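If you read the protein sequences in the order shown, they are chains A and V.
Okay, so the first sequence: first residue is 102 according to the working numbering, each after it adds one.
Okay, so the second sequence: first residue is 20 according to the working numbering, each after it adds one.
Simulated from the structure, these hints should not be mistaken for lab results.
Every value quoted in this text rests on a predicted model; they were computed, and no experiment measured them.
There could be a bad hint or two in this list.
[As the list claims (entries may be wrong)] So these bits of chain V aren't anywhere near chain A, every CB distance computed over 12 Å:
#  : residue
1  : Leu-41
2  : Val-126
3  : Leu-130
4  : Leu-156
5  : Leu-193
6  : Tyr-200
7  : Arg-231
8  : Leu-232
9  : Arg-235
10 : Leu-248
11 : Thr-303
[To be verified] When the alpha-carbon atoms are kept at most 20 Å apart in a straight line, the in silico SDA-like pairs for lysine to any residue are as follows:
#  : chain 1 : residue 1 : chain 2 : residue 2
12 : A       : Lys-282   : A       : Trp-271
13 : V       : Lys-259   : A       : Gly-639
14 : A       : Lys-257   : A       : Arg-292
15 : V       : Lys-259   : A       : Arg-611
16 : V       : Lys-259   : V       : Tyr-157
17 : V       : Lys-259   : A       : Pro-266
18 : A       : Lys-451   : A       : Gly-567
19 : V       : Lys-259   : A       : Gly-606
20 : V       : Lys-259   : A       : Asp-643
21 : V       : Lys-259   : A       : Leu-605
22 : V       : Lys-259   : A       : Pro-612
23 : A       : Lys-451   : A       : Ser-570
A virtual CB, placed ideally from N, CA and C, is assigned to each residue, including glycine.
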Amino acid sequence: MALRPPSDTTRTQVEDGVLDTDRRPEGHASEKPPSEQGPSTGRGGTAPALRPVEFGRWLWRQLTSMRTALILLFLLAVASVPGSIVPQRRIDPSAVQLFKDDHPTLSPLFERIEMFDVYSSAWFSAIYLLLMLSLVGCIIPRLRVYAAAVRGMPPKAPRNLSRLPAYDTWTTDEADAGVAKRAQALLRSQRRRVRVFADPPAGDVVVSAEKGYLREAGNLLFHCSLVVVLVGVAVTGLFGFRGSASVIVGNGFSNTLTQYDDFTPGASFDETSLTPFTFTVEDFHVQWQRDGAAAGTPLTFNADLAVTDQPGAPPRDYHLRVNHPLEVDGTSVFLVGHGYAPRVTVRDGKGNVAFSGPVVFLPQDGSFVSYGVVKAPDAAPSQLGFEGYFFPTADLCEGQPCSTFPDADNPVLSLLAYQGDLGVDSGQPQSVYVLDKDDLSPFTTPGGNPRALLLRVGEQAQLGDGAGSITFDGYDRWVRLQVSKSPAKVVPLVGVLAAIVGLLGSLFVRPRRTWVRVTPRDGRTLVEVAALDRVFGGDPADHVADVSSSLRPSSATAAAALPAQQEDLR
Amino acid sequence: MTETLATVSNNMLYSATVVYALALLAHVAEWAMAHKLPADDEAAGSRGGALVATGSVSSPVASSASPLGATSPETRSVNEVERSDKYGRIGLSLTALALILHGVGVVSRGLAADRVPWGSMYEFSITVSLAVAAAYLYLVRRYRVRWLGLLVTGFLALVLGIAVIVLYRPVGPLVPALHSYWLVIHVSAAAIAGGAFTVGALASVLFLLRSRLEARASARPELPRSGFLWRMPAASDIDKVAYRVHAFAFPLWTFAVLAGAIWAQYAWGRFWGWDPKEVWAFITWVAYAAYLHARATAGWQGRRAAYVALFGYATFVFNFVGINIFGSGLHAYAGL
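Can you build the whole structure from these sequences, using the hints too?
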């Protein structure tokens, strides 16, 4: 960009901290000479009918303008908000279901505008894709401009150097060529680009130097990197998957679809390509803070696994901890939670065992009061179902049963029992954590209230009516595992790192132009030094003082001996 | 030993709160004394705005020895400049003292817990406010921004006060998810960026006040130009300071988000999952990106850009306060 005279406009821009190349480049709408603009691009002018090409060009210029980019940034910020308020299916499907139950009128509307899938919705995607398009449309011409600027040389000097913000002048008896040569050497030694203009008519020589090309380079790197990040994230999402499973300690897990509680594949993920590893959760350790004000805070939890990387391979031990995932051939297994699985035995009216084993109960809060459901569809004559809570350290808090500590110091199981039809035979898939009570009736006390069964380990309760019994045999623990594959996740990582490097360059590199003009005058030599910063924050006056003190006759010898690099060290 | 250190930490932080409040009072006095003082364009412009009075060399003896015992308006003004300046210096000294107490308080909290003191909202509050105080004092040395004193000490007294009274939690262990060196990297970057965002936002507030004053004065030149706001640097200089602070904070915030994403990959198996905390960190990032762009967009420079910066700060505060209180999500352990 041609240097403008240091008029007020230049000053304002410099003071605003904005390099004028920070603006969108030449070639974008508002900076194009009017003659190049379509007939209808005049602001506020009424548009005659546009030919498609012109309209397309107009649209492109609008899209790539800084104002549009700014508006799109705002839209992106605003569009992100609802996803943090309305539950999202990708994050917590059960919360979405709860929300739908609570808001039956609102939910269909929300469903239609993809409010439960904000970050993959059409409107959210539209905003960030438009932003990326705007960004690319801005970068490409800028790359061209920058390439020309890098190949090009430092600009000619403005006619009147004394009007620049930093200026110094003196006359000397030294020959003009000598001063010019020294100025050239000095500015070169400061790692500036130097070009010498000899202007015969006026008889003067101008040494023009420029520094700070990396600012725009950083700016471009930053914006290009954002595209890389977006592409990387998209690839990772398309070809990866995420799933989770709760595994009771002692049980195994094999990496097949059926073993997952939930599974979210990327759009292009091939489900047959799941790495065929298996492992057994051999042991689990958890430790809580026992005393002090922070009693009940979890300190550590970890699991011992025996991992078989592929069928036939010898098993290996792995100590699975939070923040230390198990890696098998690009698939990672994370320990994200744990809980209790009470072991119960249900006997039906005929005395047969209708169900026996551990059942995963879900912790409700930090005290690990856990909710769960026991289903005994094999019970006869009618099916039996139970729902209730597991209290690891049972106590009474203000008359209500509660757990006073998350560890199992005094485990108590509190259940309500039902008989009837569990609805599991209807063929409809059913959650193992929900009891469908439509065709169930509770066992009641003589007064008609549902009867709560309170069981300690080893205790048995009769259900009444000769319907059967339930025994609380003990408890196991289970671990919540998250399994995921994020291929190419290194791409967004590298992208963000490059973006940060670019950002640092674009914010902290300060382009500066320096001119030394040497003019023969009345047998002596007039030397002028001036500098112009293209962003604020530097001290061009300081720089000019440095340069002049090196060039002035008194310090000529010292300057020749010392390449003045204080500028860089300061 | 732990108990002792925890007690030391509490006492230090209580004291720091009180000293910040005293510094605030000093700065209030500084502003009050400057109420009737005329604009001091020369001092404000060329010396970066510290209330270095033009007449600070005049001796008190001279004024008391003036004939008839009456002080001329000029002398009175000089005295008031001196007085206002003196309170400003007192405020600054108190802030520096409070910073030392504050720093010792945070460090001893960490020693008491035998870990970095960033495990709860209380600990994060005392750390971010420490970053605010340190950033302010650094900027005072570097760019003479003592004019920020009133707002900064007000902020510090308020936040540290809320922390020690409302958010306080006894020293406790970290939950397992936080057992990672990424805690150090992620939270320190977020805390320093947060401190810088705060100073940037306060500077933007003063910029808006001053530039409104300037706009009004240029429309009606007959209006008197007096008061502390007129004795601060020109709006354009305040804007430069605000920009510098934001330009420092933005890359650091980017890094904090990145470090969080890497950590999330290790802890939760995905680097980005639109958890509420992540959403709002993203919104903050976008808002400050918009601020940097606004400064380069015709028609958006100056006041509008400053409003964008304040919007960005509001999203940061909401992420820290709102999401911790109302939100659930995986960052729940950072809660109250």
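In rising order, the numbers of the hints this structure does not comply with: The structure breaks hints 5, 6, 11; every other hint is satisfied.
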